[in-house]
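So the protein sequences, as listed, match chains A and B. In terms of the numbering used here, the first sequence opens at residue 145 and continues consecutively. In terms of the numbering used here, the second sequence opens at residue 69 and continues consecutively.
Everything labelled a hint here was simulated from the structure, so no lab data went into it. Do not take every clue at face value.
Just the calculated beta-carbon pair ranges, DEER-fashion [as the list claims (entries may be wrong)]:
1. A:ASP502 to B:ALA101: 26 to 36 Å
2. B:PRO142 to A:GLY560: 54 to 64 Å
3. A:LEU434 to B:ASN100: 35 to 45 Å
4. A:GLN301 to B:PRO142: 46 to 56 Å
5. B:ASN100 to A:ALA205: 51 to 61 Å
6. B:VAL117 to A:LEU589: 24 to 34 Å
7. B:THR88 to A:ILE459: 29 to 39 Å
8. B:ALA101 to A:ALA501: 31 to 41 Å
9. B:THR121 to A:ASP461: 27 to 37 Å
10. B:ARG77 to A:THR425: 38 to 48 Å
Since the structure is predicted, the reported quantities are computational estimates derived from the model, not experimental observations. We put the CB at the ideal spot given by N, CA and C, even for glycine.
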Amino acid sequence: MATDSTELTSLTLAESRDALRSRRISSVELTEAHLRAIERAKGLNAFVATTPERALEMARASDARLAAGAAGPLEGLPVGVKDLYATKGVHTQACSHILDRFTPPYESTVTAHLWRDGAAMLGKLNMDEFAMGSSNETSYYGPVASPWLPPNWSVEQARAALAGDKRGLLTPGGSSGGSAAAVAARLCLAATASDTGGSIRQPAAFTGTAGIKPTYGRCSRYGMVAFASSLDQAGPLARTVRDCAIMLRSMAGADPKDSTCADAPVPDYEAAVGRSVKGLTIGIPREYRLDGMNAEIEALWRRGADWLRAAGARIVDVSLPNTRHALPAYYIVAPAEASSNLARYDGVRYGLREPGADIVELYENTRAKGFGAEVRRRLMIGTYVLSAGYYDAYYVRAQKIRTLIKRDFETVFAAGVDAILTPATPSPAFGIGEKGSADPVEMYLNDVFTVTVNMAGLPGLVASAGLSAEGLPLGLQVIGRPFDEETLFTLGHAIEQSAGGAAWPKAWWE
Amino acid sequence: MAVDQAAVRRIAHLARIAVTDAEVPHLQDEINAILAFVEALSAVDVSGVEPMTSVIPMRLPMREDEVTDGEIEPAILANAPLAEDGFFLVPKVIE
Numbered sequence: 145m146a147t148d149s150t151e152l153t154s155l156t157l158a159e160s161r162d163a164l165r166s167r168r169i170s171s172v173e174l175t176e177a178h179l180r181a182i183e184r185a186k187g188l189n190a191f192v193a194t195t196p197e198r199a200l201e202m203a204r205a206s207d208a209r210l211a212a213g214a215a216g217p218l219e220g221l222p223v224g225v226k227d228l229y230a231t232k233g234v235h236t237q238a239c240s241h242i243l244d245r246f247t248p249p250y251e252s253t254v255t256a257h258l259w260r261d262g263a264a265m266l267g268k269l270n271m272d273e274f275a276m277g278s279s280n281e282t283s284y285y286g287p288v289a290s291p292w293l294p295p296n297w298s299v300e301q302a303r304a305a306l307a308g309d310k311r312g313l314l315t316p317g318g319s320s321g322g323s324a325a326a327v328a329a330r331l332c333l334a335a336t337a338s339d340t341g342g343s344i345r346q347p348a349a350f351t352g353t354a355g356i357k358p359t360y361g362r363c364s365r366y367g368m369v370a371f372a373s374s375l376d377q378a379g380p381l382a383r384t385v386r387d388c389a390i391m392l393r394s395m396a397g398a399d400p401k402d403s404t405c406a407d408a409p410v411p412d413y414e415a416a417v418g419r420s421v422k423g424l425t426i427g428i429p430r431e432y433r434l435d436g437m438n439a440e441i442e443a444l445w446r447r448g449a450d451w452l453r454a455a456g457a458r459i460v461d462v463s464l465p466n467t468r469h470a471l472p473a474y475y476i477v478a479p480a481e482a483s484s485n486l487a488r489y490d491g492v493r494y495g496l497r498e499p500g501a502d503i504v505e506l507y508e509n510t511r512a513k514g515f516g517a518e519v520r521r522r523l524m525i526g527t528y529v530l531s532a533g534y535y536d537a538y539y540v541r542a543q544k545i546r547t548l549i550k551r552d553f554e555t556v557f558a559a560g561v562d563a564i565l566t567p568a569t570p571s572p573a574f575g576i577g578e579k580g581s582a583d584p585v586e587m588y589l590n591d592v593f594t595v596t597v598n599m600a601g602l603p604g605l606v607a608s609a610g611l612s613a614e615g616l617p618l619g620l621q622v623i624g625r626p627f628d629e630e631t632l633f634t635l636g637h638a639i640e641q642s643a644g645g646a647a648w649p650k651a652w653w654e
Numbered sequence: 069m070a071v072d073q074a075a076v077r078r079i080a081h082l083a084r085i086a087v088t089d090a091e092v093p094h095l096q097d098e099i100n101a102i103l104a105f106v107e108a109l110s111a112v113d114v115s116g117v118e119p120m121t122s123v124i125p126m127r128l129p130m131r132e133d134e135v136t137d138g139e140i141e142p143a144i145l146a147n148a149p150l151a152e153d154g155f156f157l158v159p160k161v162i163e
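Chain B on its own, in the form it takes in the complex (with noise of 0.2 Å):
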C-alpha cells in the first residue's frame, strides 16, 4: 500500500514536522520503501490470534492515592527555552 504525495504532506501535518516541496518526494520514495518492505505481513493468518497488550505477564501495581510529589517549580522551569513567571511561554493559542 503504497501513499502518494498528498499523504505524505497529511502524515507530516499530523506528526507535526514541518516538510518542504523540495523534501516531499524524498519522503515519499522513503516510506513506501518501509511499507513495501512490511506488505509480507498481510499475507500472514492471524485469525483467532489476540494482539498482545502486556510483553510480561504483570498486574498494574497500585499504590496509596496521595500526593507524593511537586512543589518543584523551578526545576520543572529550568530547561525551558522560555518562561516567566512561574509559566512556559508559546505563541498565542487561542484565537
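Bound conformation, chain A alone (with noise of 0.2 Å):
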C-alpha cells in the first residue's frame, strides 16, 4: 500500500528504520520519494551530483535483506555524502575546480562503513571548495540556499531568488552547507559532513539540524579530501540527535589505513539517548561570553543552561583562559597544514591540468586556475607561516597555543565537569552575498565558538534549541570529554526535547 511521498520524507531517520524493519514501507519507496524531492529542489543546489541508479540498485538489495531478517544498523536508510568523500567510480571533487573529472577507484572508510550497514547513496552533497568556508559560497558549484525562508520573505520572492543569483536567501553555513541544507529540507534522511574549524556544527546551528565533530580519531580520514589532517574530522548531519547518534554508531571505528585512527571500540551511542542527565556537571565558560554578543544567543545559552539545570544537572561557571587565542591560533594552523595537503593538486596525475612551457608553469597555471579566491588566500597564508624566518614565529607558536588550549580543558574536567555547553554561533544564519566580500575575516568570525574543540581534539555536538525571534532555526553547543560522545548524545537530546522537538522549514522551493 503506497504512503503518501511527502509522508514519506517526513520521518526522521530512526522512524524509518523501524517503519521499514516492520516492512510497513520498503526502501525502495523510500527512497524514490527522497530521489523526488531531490529532483524537485534542484534549486536549492544542495546536491552536485546525483546516483539515482546506484542508490534503487541498493534499496532493492536492502529490501531482499530485510525481508530475509537480515537487516543492517542502516538497512535500507537512504542518505547523502559529502562531496569530500570518496565514492568509488562517483564524482569526488570536494567541490573544486582542480579536481575535475575525479573519480576515485577506491571509497572511504566511512562511507564504506555505511554500505557495510545497508544504506543506501543518493548522491554527493554540495560544500565550500576544500571545506574552506562558512557559507558554502567558495563552492565551484555555487552556494547553497538554506530551505529556511529569509525574515519577511514572500515565497515569491524567494523563488525569484532561487531562479536568479541567490543573493539574500540564506546560506545553510558551512563548509557542510549540501548536507545540512539536504537534512533539513527533507532530501536525505541524513549526512555524512566533515569539521575542521565548525564545518558540522555551525551548519547544523543555522539550519535547526543536528551535527556532531566526533573526538579526533573517532573515525577514520582514510579517503577524505584532506584539509588540516590535525583537525579534520568525519561525522554526521542528521534531524534529530537519536538519528545522528544511529549514524556515528557505523561511520565510527579502527582503520589500519589511518595512523590516526584510535583502535577503541565503538559505543552503542543510540543507546545514550534519553538517558537522565542527572548528576551530570556542566560548565558554563566564562570567555566565551563575548562583548556585544547578540542578546538573543546569550538569552538561549541561559535557557539551556536551566533546562540543564530542571533536568538534574549541576550548572557551574569554568574558566577557560585562552579561549581568545583559538581562533587567530586556528587561522595560522589549519592553513599552514591546508599549503601541504593541497600541494599534491599538481595537474599531474588527476584533475585540472592547464599547459605550461615546463614543469613549473604548468604547476603555476593548474593551480591558479583551479584553485578559487579563499583557497589561495589560504594556501598563501599557510606557505607564508611555514616559510623559512617565520615558521618559530607563527606556526611552532600557534602549535603551542593549541597546548595551552587544550590545556585549559583538562583542567576543566579534572574538577568534575563532564561537559560544557556553549553557543554554537555568534547569529543566527545570514544571508547569501552578505559577508566576507570587503574583509576575509569578517567569515572568519563566525567560527569563534567551534574552532576550539578542534584545536583541542575534543568531540561537539550541536543541538537544535529552537527558533529566533525572527523565526530562523538558533542551535547550543556541547563540548565533552575525548571519546564521551555518549554523554553529549545524552545532553543534546535534553536540550532538543527541552526546546519542543526540531522544527522543519516548509516547502516554498518546490
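Once you've looked at the hints, go ahead and assemble the two chains, each given alone in its own frame, into the complex.
Written as C-alpha cells, this is what we have:
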C-alpha cells in the first residue's frame, strides 16, 4: 500500500528504520520518495551529483535483506555524502575546479561503513571548496540556498531569488552546507559531513539540524579529501540527535589505513539518547561571553543552562582562559596544514591540467586556474607561516597555544566537569552575499565558538534549541571529554526535547 | 608583520600558484588583513610550553614490513590528464 510521498520524507532516520524493519514501507519506496524530493529541490543546489540508479539498486538489495531478516543497522536508509568523501566510481571533487572529473577507484572508510551497514547512496553534497568556508559560498558549483526562508520574505520573492543569483536567501552555513540544507529540506535522511573548525556544527545551528564532530581519531580519515590533518574529523548531520547517534555508530571505528584513527571500541551511541542528565556537571565558560554578543544568543545560552538544571544537572561557572587565542591560532595552523595537503594538486596525476612551457609553469597555471579565491588566500597564508624565518614566530607559536587551549579543557574536566555548554554561532544564519567580500576575517568570526573544539581534539555536538524571534533556527553546543560522545548525545537530546523538538521549514522551493 | 609586494610574489612562487601583476595588490591586502588578525598571538606568554605534536595521546601503530598492495597501474592512471605506456606525461623536467 503506497504511502504519500511527503509522508515518506517526513520521517526521521530512526522512524524510517523502524518502519522498514516492520515492513510497513519498503526501501525502494522510501528511496524513490527522496529522489523525487531531490529533483523538486534542484534550485537549492544542495546536491552536486545524484546517483539514482545506484540508490535504487542498493534499496532493492536492502529490501531483500529486510525480508530475509538480515538487516544491518542502516539497512535501506537513503543518505547523502559530502563531496569530499571518496566514493568509488562516483564524482568526488571537494567542490573544487582543480579536481574536475576526478573519480576515485577506492572508497573512503567512513562511507564503506555506511554501505556495509546497508544504507543507500543518494548522491554527493555541495560544500565550500576544500572545506574552506563557513557559508558554502566558495564552492565551484555555486552557493547552496538554505531551505529556511529569510525573515519577512514571501515565497514568490524567495523563488525568484532561487532562479537568479540567490543573493539574500539564507546560507545553510559551511563548509557542510549541502549536507545541512539537504537534511533540513528532507532530501535525505542523514548526511555525512566533516568538521575542521566548525563545518558540521555551524551548519547544524543555522539549519535547525543536529550534528556532531566526534573526538579526533574516532572516525577514519582514509578517503577524505584532506584539509588540515590534525583538525579534520568526519561526522554526521541528521534531523535529530538520535539520528546522529545511529549514524555515528556506523561511521566510527578503527582503521589500519589511518594511523591517527583510534583503536577504541564503538559504543551503542543510541542507547545514550534518552538517558537522564541527573548528576552531570555542566560547565559554563565565562570567556565565551563576548563583548557585544547577540542578545538572543546569550538568552538562549542561559535558557539551555536552565533546561539542564531543571533536568537535574549541576551548572557551574568555569574558565577557559586561552579561548580568545583559539581563532587566530586556528588561522595559522589550518592554512599551514592545508598548504601541505593541497600541494598534491599539481595537474599531473588527476584533475585539472593547464598547459605550461615547463613543469613549474604547469603547476603554477593549473593551481591558479583550479583553486578559488578563498583557497588561494589560505594556501598563501599557510605557505608564509611555514616559510624560513617565519616558522617559529607563527606555526610553532600557534602549536604552543594549542597546547594551552587543550590544557584549559583538561583542567576543567579534571575538576569534575562532564561537559561544557556554549553557544554554537554568534548569530543565526545570514544571507548569501552578505559577508566576507570586503574583509576575509569577517567570515572567519563565524567559527569563534567552534574552533576551540578542533584545536583541542574534543568532541562537540550541536542540537536544535529553538527559533529566533524572526523564526530562524538557533543551536547550542555541548563539548565533551575525549571519546565521551555518549554524554553529548544524552545532553543534546535533553536540549532538543526541552526546546520542543526539531522544527522543519515548509517547502517553498518546489 | 605586514608583507610587501615582493613577498607576495615570493610566497606565490613557493605555493606554486601563478599570480598576475594586477592581482598582487589585492592579495597583499588580504594576506595583511589575516596577519593583522593573528598578530595578537605574539603577545601570549608561551615560555616553557611545548608545541602540540599529537592531538590525542596515541602510539603510532606498527605492522609487518611486507607488500600488501600494488599492481593496480590502470586504476592509478585512470584519472590522469595525460598518460602513455603506464606513465604520467609531463613537460620536460630535467634540462
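**Request:** May I ask you to test the hint 51 to 61 Å on the CB atoms belonging to ASN100 (chain B) and ALA205 (chain A)?
**Result:** Holds: the Cβ-Cβ distance is about 56 Å, inside 51 to 61 Å.
**Message:** Against the range 38 to 48 Å, how does the distance between the Cβ atoms of ARG77 (chain B) and THR425 (chain A) compare: consistent or not?
**Reply:** 54 Å, violated
**Request:** Take a look at whether the Cβ-Cβ distance between THR121 (chain B) and ASP461 (chain A) falls inside 27 to 37 Å.
**Result:** Since THR121 (chain B) and ASP461 (chain A) have Cβ atoms about 32 Å apart, the given range 27 to 37 Å holds.
**Asked** Is 54 to 64 Å right for how far apart the beta carbons of PRO142 (chain B) and GLY560 (chain A) are?
**Response** 58 Å, holds
**Request:** Starting from the hint 29 to 39 Å, judge whether the C-beta atoms of THR88 (chain B) and ILE459 (chain A) obey it.
**Result:** 56 Å, violated
**Prompt:** Taking 35 to 45 Å as the hint, is the beta-carbon distance of LEU434 (chain A) and ASN100 (chain B) inside that range?
**Reply:** Distance hint for LEU434 (chain A), ASN100 (chain B) is violated at roughly 25 Å.
**Message:** A range of 24 to 34 Å was offered for this pair. Does it hold for the Cβ distance of VAL117 (chain B) and LEU589 (chain A)?
**Reply:** Because 26 Å falls inside the window, the suggested range holds.
**Prompt:** So the hint says 26 to 36 Å: do the beta-carbon atoms of ASP502 (chain A) and ALA101 (chain B) match that?
**Reply:** 34 Å, holds
**Prompt:** Measuring from beta carbon to beta carbon, are GLN301 (chain A) and PRO142 (chain B) in 46 to 56 Å?
**Reply:** 52 Å, holds
**Asked** How does the Cβ-Cβ distance of ALA101 (chain B) and ALA501 (chain A) compare with 31 to 41 Å: does it lie in that range?
**Response** 34 Å, holds
When each numbered hint is compared with the structure, violations occur for hints 3, 7, 10.
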